Amino acid sequence: MVLNNIEKLLEKYENGETSLREEQQLKNYFSQETVAPHLEMYKPMFAYFSVNQKEQFTKALPLKTKRVFNYKWIAVAAVTVLMIGFYFKSNYQQQDDLGTYDDPQMAYNEVVKSLAMISTQFNKGTSTVNYLNEMNKGTATVGYLNEIENTRNIIFKPINR
Amino acid sequence: MTQTEFLNIVLPFKDKVFRLAKRLLVSTEEAEDATQEVLIKLWNNQSKFEEYKNVEAFSMTMTKNYCLDKLKSKQAQNLKIVHSNYQDHNISLQKEIETKDSLDWVGRIIQDLPEQQKMVIQLRDIEQYELDEISEMLGMNNTAVRVALSRARKTIREKLTNTHSYGIK
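For the record, the sequence lines run as chains S and Y. Quick note: the first sequence uses the working numbering, first residue 1, plus one each step. Quick note: the second sequence uses the working numbering, first residue 1, plus one each step.
Hints were generated in silico from the structure; no laboratory data involved. Please read these numbers as outputs of a predicted model, since none were measured by experiment. Among these hints, one or two may not hold up.
25 Å max Cα-Cα, derived DMTMM-like pairs, lysine to aspartate or glutamate [claimed, not checked]: (1) Y:118 with S:110; (2) Y:159 with Y:136; (3) S:59 with Y:132.
Quick list of the computed label-pair ranges, beta carbon to beta carbon [claimed, not checked]: (4) Y:33 with S:25: 32 to 40 Å; (5) Y:27 with S:62: 19 to 27 Å; (6) S:74 with Y:11: 17 to 25 Å; (7) Y:65 with S:81: 23 to 31 Å; (8) S:25 with Y:114: 22 to 30 Å.
Every residue, glycine too, gets a C-beta built ideally from N, C-alpha and C.
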């Protein structure tokens with residue numbers, strides 16, 4: 001009777017129609033020491049399922065806590081830097097004030113001195129520029145090359161035409 | 001979410017993830033790597049945790065996809081030498097060896113099944129999920145799961161019968 005039941009279950013099992021509980025029944029039956037000889041080949045199958053159910057994952061899991069970067073702090077840092085910048089800026093005083101002369105005579109003397117210095121430096125500059133005249137002479141000489149050109153044109157024109 | 005909370009969620013099914021990975025990838029080391037990878041992905045996406053209807057089914061799907069990718073990728077084509085066949089040379093325990101041997105046979109038969117049937121057998125007969133859950137995990141419809149399951153079971157039974165009666169008939 002029991003065997004008959006098991007055989008029916010096996011047929012359903014092979015069609016994929018058994019429920020989990022019925023499958024558990026089959027597993028229990030085949031985990032016995034002795035089963036019907038013509039069903040012997042099912043034994044390792046169910047034994048295999050039971051054995052494999054016990055395998056475990058033992059490797060450690062390296063879980064890193066993810067740091068959520070907070071952009072708020074960037075703003076805080078930027079503001080701090082700006083504040084420090086303004087603070088030092090206000091300490092630093094610009095010195096545009098170069099001083100002045102009270103006595104007109106002394107001021108006149110200073111101006112003359114400065115102008116004299118500028119003119120001497122300027123003359124030095126122009127004397128150097130004088131050499132450029134030589135350059136002009138050179139270009140005038142090179143102008144003669146045009147004459148050569150003319151002559152050549154006279155010679156070669158008839159041939160080219 | 002703290003690490004402990006996460007581990008409490010993951011703990012009930014991490015072995016199932018590992019076993020599914022091992023069924024597909026065969027090598028224990030690779031299966032361990034795969035499991036680690038899947039769980040770390042879950043951990044890194046914990047902000048989306050509330051969106052998942054069923055974390056367990058979701059992770060099984062993830063495992064399936066990860067392993068199939070792995071099998072497809074070039075990396076899997078390199079042969080790895082793993083010593084998993086150390087034998088216990090204890091002949092006196094012949095009965096034990098015999099049962100162990102027939103268990104190995106079942107393992108080998110399952111290994112020869114197509115990937116889909118392998119997964120269905122793993123999820124149903126070893127992990128004992130309902131058919132509906134399996135169809136959700138594998139993205140197949142219910143009938144397809146049933147058919148795959150039935151085919152796989154029949155193949156295993158036929159091959160086992162052949163092995164069992166080898167030399168007798």
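| Hint by hint, which ones does this structure get wrong, listed from lowest number up? | Numbers 1, 2, 3, 6 and 7 - these are the hints that the structure violates, sorted from lowest upward.
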